[in-house]
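Protein chains in written order, with my numbering: chain D, 1 to 166; chain V, 1 to 166; chain G, 1 to 166.
These aren't lab readings, by the way, just hints derived from the structure by calculation. One thing to keep in mind: the hints can contain errors.
Repeated chains share a single entry, so a pair holds when one copy, or any two copies, can fit it.
[To be verified] Taking lysine to any residue pairs in the SDA-like style, the calculated list, with each CA pair at most 25 Å apart, reads:
#: 1; residue 1: Lys69; residue 2: Lys86
#: 2; residue 1: Lys74; residue 2: Glu111
#: 3; residue 1: Lys74; residue 2: Met89
#: 4; residue 1: Lys74; residue 2: Gln139
#: 5; residue 1: Lys99; residue 2: Gly149
#: 6; residue 1: Lys69; residue 2: Met96
#: 7; residue 1: Lys136; residue 2: Pro147
#: 8; residue 1: Lys136; residue 2: Val100
#: 9; residue 1: Lys103; residue 2: Ala72
#: 10; residue 1: Lys74; residue 2: Arg94
#: 11; residue 1: Lys103; residue 2: Asp41
#: 12; residue 1: Lys81; residue 2: Gly93
#: 13; residue 1: Lys81; residue 2: Arg94
#: 14; residue 1: Lys74; residue 2: Met87
#: 15; residue 1: Lys99; residue 2: Pro137
#: 16; residue 1: Lys69; residue 2: Met130
#: 17; residue 1: Lys103; residue 2: Gln139
#: 18; residue 1: Lys81; residue 2: Pro137
#: 19; residue 1: Lys99; residue 2: Met89
#: 20; residue 1: Lys69; residue 2: Ser85
#: 21; residue 1: Lys103; residue 2: Val61
These numbers come from a predicted model, not from an experiment.
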Amino acid sequence: MSEEDQARDPEMMTIIAFSGDLDKLWPTMILGSTAAANGMDVTIFYTFWGLFPLVKDEVRVTGYDAMTKMLAMKNPPGFQKAKLSKMNMGGMGRWMMRKVAAKNNLMPPEELFEISQDLGVNMWPCLMTMELLGIKPEQMRPGLGEPAGAATALARMSKSQISLFI
Amino acid sequence: MSEEDQARDPEMMTIIAFSGDLDKLWPTMILGSTAAANGMDVTIFYTFWGLFPLVKDEVRVTGYDAMTKMLAMKNPPGFQKAKLSKMNMGGMGRWMMRKVAAKNNLMPPEELFEISQDLGVNMWPCLMTMELLGIKPEQMRPGLGEPAGAATALARMSKSQISLFI
Amino acid sequence: MSEEDQARDPEMMTIIAFSGDLDKLWPTMILGSTAAANGMDVTIFYTFWGLFPLVKDEVRVTGYDAMTKMLAMKNPPGFQKAKLSKMNMGGMGRWMMRKVAAKNNLMPPEELFEISQDLGVNMWPCLMTMELLGIKPEQMRPGLGEPAGAATALARMSKSQISLFI
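In isolation and in its complexed conformation, chain D is listed as follows (with noise of 0.2 Å):
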């Protein structure tokens, strides 16, 4: 790192989490929590379908109507129901994929989530979904930064080295 990079601000990287698939998860944690332990300014804006994993796992169903409750029950809230994006057979390759990463000690994304919690990491649900699903304040994780909008994420993106759509 150069002098003239030591002086200014630390390099930010911005990921926008819109898929919730769990195969998606394990990239976007594991940038986040690298880049922080090495030093970057980090957010992750949860958007669409990424606002689901930040569900805590208690809560069984999210939703003000119908439509919004089978959507919530197709994409189960919380990271431990996360599907894979392929070969889900019918939860088989979710449970699978889980095996293969515990015994090469890769963390669960909800881990992976919570160091980089610890790390820093600004997480931000996004505003317009959570009223789009109708996911509440209550029910989702501790910790989470203020609910976000677009044109917040689009200025932060602005000021990042990195920016990502995950």
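Put chains V and G on the given structure of chain D with help from the hints.
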């Protein structure tokens, strides 16, 4: 914004719109229109499946032979017919998601597209995809930019503060 | 290009190749080879499902136990066997897309990969994924870079003008 920033050209954002799925059209259009409304110089490069939404709704099918016509039947052209990336459930997922959006005053992607155009967002169809899938200029919405190739998109991204692949 | 730019090192692009799907291999390889042909210093970091295409075509299956072997059977290794992300239709979608590409003189991803290598694109397999899925160095194509981790990929992205997650 610092004085130095104000003296510079506006910041740029480039989105590669690859998927064409209804649920990914929303972030593309929301980020695009919001960035443009905040003074950024935005370009969306529509490629591969992402080109289909640009086809006019009244065009029933695109393509120059059996194979390209079948691809277009499986990816119906036009914003109105764009499917969800998951939970399509024979079209019901799409219908449901549009209902939920309307209930929450979230504009459909085709309206956000028009607003983005009014705000000066550059809409670039990918020339190679047009040839590959047999989508003719006259089959596409009005007001698009010149069809562009990968080199043009890359030159734009290398000047962009934010580049996303969606 | 300004004088200042000419004095600097070449601009960098880093692509995280996560999906391994045939339709996403095209943008990865087209953007990679085009950027390299235009003088950029390009790195592609192959991770998760994205690692499978790097396996040699003659390797029938990878993995060290029943689960990792099943994952490899569902994601057949090698460029030739890569599936479409949608419309796979029992392999017919893949076959059709390759036919359409050939008809339009769009090179298949494996040829674009070789051209990219000739143009000096760095091909980095993800070390963690290799261990996770049991893909051995001798099972992979020649000419790859040293297996790398997330920290190495992040350091590269923080110096890159363009970083994409595909």
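Okay, the hints, checked on the actual structure:
1. Lys69 with Lys86: Both: 23 Å inside a copy, 16 Å across copies.
2. Lys74 with Glu111: within (24 Å within a copy, 27 Å between copies)
3. Lys74 with Met89: For Lys74 and Met89, the Cα distance is within 25 Å both inside one copy (14 Å) and across copies (11 Å).
4. Lys74 with Gln139: within (18 Å within a copy, 36 Å between copies)
5. Lys99 with Gly149: Answer is between; shortest inter-copy Cα gap is 21 Å, intra-copy 36 Å.
6. Lys69 with Met96: between (27 Å within a copy, 11 Å between copies)
7. Lys136 with Pro147: within (11 Å within a copy, 43 Å between copies)
8. Lys136 with Val100: between (34 Å within a copy, 16 Å between copies)
9. Lys103 with Ala72: between (30 Å within a copy, 17 Å between copies)
10. Lys74 with Arg94: both (15 Å within a copy, 14 Å between copies)
11. Lys103 with Asp41: neither (31 Å within a copy, 36 Å between copies)
12. Lys81 with Gly93: The answer is both: 12 Å in one copy and 20 Å across copies each meet 25 Å.
13. Lys81 with Arg94: This pair counts as both: shortest intra-copy Cα distance 8 Å, inter-copy 23 Å.
14. Lys74 with Met87: Intra 16 Å, inter 7 Å, cutoff 25 Å: intra and inter.
15. Lys99 with Pro137: Only across copies: Lys99 and Pro137 sit 23 Å apart there, 31 Å inside one copy, limit 25 Å.
16. Lys69 with Met130: So Lys69 and Met130 pass the 25 Å test inside one copy only (13 Å; across, 39 Å).
17. Lys103 with Gln139: between (32 Å within a copy, 21 Å between copies)
18. Lys81 with Pro137: The answer is within: 19 Å in one copy meets 25 Å, while 33 Å across copies does not.
19. Lys99 with Met89: within (15 Å within a copy, 29 Å between copies)
20. Lys69 with Ser85: both (21 Å within a copy, 19 Å between copies)
21. Lys103 with Val61: between (31 Å within a copy, 20 Å between copies)
Consistency with the previously given hints fails for number 11 only.
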